[in-house]
Every structure is written in C-alpha cells, then in structure tokens.
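Order-wise, the sequence lines are chains H and P. The first sequence begins at 1369 in my numbering and counts up by one. The second sequence begins at 1369 in my numbering and counts up by one.
Since the hints were made in silico from the structure, they are not lab data. Wrong hints could be hidden among the right ones.
When chains are identical, the list treats them as one kind, so a pair holds in a single copy or across two.
Claimed, not checked - Calculated lysine-lysine pairs in the DSSO-like style (CA-CA distance at most 30 Å, straight line):
| no. | residue 1 | residue 2 |
| --- | --- | --- |
| 1 | 1384 | 1374 |
| 2 | 1384 | 1438 |
| 3 | 1441 | 1374 |
| 4 | 1441 | 1384 |
| 5 | 1384 | 1446 |
Please read all numbers here as calculations on a predicted model, not as lab measurements.
Number of protein chains: 2
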Amino acid sequence: MTTELKPVMNADELLKHWQGHRRLTRRTIDAFPEDKLFQFSVGGMRPFADMAFEFINMAMPIVNGVSSGKWEKYVGEKPTTKADLLRLWDEQTAAIDEAFPKIPAHRFAETDTAFGFYTNTGTGMFEYAIDNEIHHRGQGYVYLRALAIEPPHFWERE
Amino acid sequence: MTTELKPVMNADELLKHWQGHRRLTRRTIDAFPEDKLFQFSVGGMRPFADMAFEFINMAMPIVNGVSSGKWEKYVGEKPTTKADLLRLWDEQTAAIDEAFPKIPAHRFAETDTAFGFYTNTGTGMFEYAIDNEIHHRGQGYVYLRALAIEPPHFWERE
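Same shape as in the complex, but just chain H (with noise of 0.2 Å):
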C-alpha cells in the first residue's frame, strides 16, 4: 500500500499553520519583560529576542526565495525594544499574508537551494522555518518558566 496519492494539506492551510504558530511566538515575545527578553538566557543560549529575530530573517526571505527562486538575505536592524521587536513582527505577518498566496503551485514541490547552501522543497522550507520557530520558542517557554513568568498556551493560536 502506498500513501503516495493522499492530498494532506494545502498552500491555505500551510499559510493558516504557520501564521497560528506567530501569533502565539508573538506572545511568547510579549510575554518576557522587556530587559529579560534581550538578555535573559539560561545554558549560555541566545536571549529570546535573538531567536525571534533570527524568525524574522528567514520568514520573507524564503516565502520570497519559493515564490521567485531568488534568494535574498533580509535587510535590517535588529529592534532594540519590545514594542519594536513586536511592530517588526506584524509588519512580517502583513507582508507573509500578502505574497504566501502568489507563490506559484508548482514551487512548493520544486527543489531550490536557498542563500546558496540549503536545498529543499518549497514546502520543506516553509517545514523547516515553522519547526525551527517551534524549536526555539519552546527553549523561550524554559527561559519564562525559569523566570517564574507563565508562559502562553501552546494550543492557543488564534
């Protein structure tokens, strides 16, 4: 028996998935205080404001990269407050609802190689930043607790 031709998701629902898991890494952001969130770590890891950034350089660049096979790193400083980080992300979320729905059908099957060095499918891509963002938001979640602070629902993401 062979799983081959089962339709499991599509781009809607891929979009609908990954803009879930921002809304809650965004109150993940907005849940540190804010000298916390820039300098808070534990194991001599990254502060979460780090991690959150390190999102935002790979969320526009690989819907771009899919959508267009070009592959251009992001542009821009990292923010030095919260409401600035936050006012970042929005704008990303703005900018990801507006282009994830142009990307070609045919790109999410392709392999490309994206900034020169990592090659995968379009949705292998869009995979690999959503786990990557869970990964480090849950390491966000440890530094929270840590700082007796509790962190948001994991389920909720609306």
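Let chain H serve as the given structure and place chain P on it in line with the hints.
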C-alpha cells in the same frame, strides 16, 4: 487570488517528516545521561523522559484514531531506564511505519474529536503531535545546554 487548490504535502511526506523528527528526538533522549534524563529539569518543568513518554502516549493513539475514528489511550508503563525508553521508542517507530500508510485518504481532511476533547482534522492532529514533540524537544535542548552537553544537530533528520 486563492491558494485553496495548491496541494503542498501528501501522506507519505507527512509520515517522512514526522519520522525525521522522531529520529532527532531519539538522539535527544540518547544524549542525556541516564540519571539526568529522568530527574533533571529547569524552571520546575518535567524531566525530558516524561516529555518523551508523552510523545509515545500521543503517537499511536492518534495514528489509530485518525485511521479508525476510535480514540483509545495508550496503555503501558512509563519506562524507568534509558534503554527501555529507547526500546519502546523503536517499537513505536515500527508501529507508526506499519499503521500510518493504511490511514484512509479521506480521514486526513475529516474533522474528528480525539479522546473526547480535542477537535481537529486528521492532518491537524498529526501536526499537533509533531509540533508538540518539536516544542518539548527544544526544551530538552535547554536542559542539555544547562548540563553542558551539546545537543544533536537540529537540521539532521536521517
């Protein structure tokens, strides 16, 4: 412009994606010293063995539930040694590989209620299981870093 009709993933790819994550989780379990796996934590959270056992509790019950519509809890004791946990993990890997391809195509898009309280599509339930595993495994990475142990490479899934 709508993305509705762009398929981005089939069941075979979803299974491969999940098992790739499960291989990484297995390496994460294995990276812990025996005693730390069952006892160490940060911020009052659970030890990583408890998180790993949670993944086991979710995996096959969700495969079986999405497949059949029958939602039956995992039955089995929590392993008390790393060797036993890894053995159980490998049994589950084989069980998933055996059962997942038999899931009827229509069940991925169908909405169901798992265990009497969790309503989602079949695909959504698998996404939740995978995302939950990534989330808590990321927390296990912080435990490892706090123990000065290098975690496995996040991007390696083979």
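Quiz item: For which of the previously enumerated hints does the structure constitute a violation, in increasing order of number?
Solution: none
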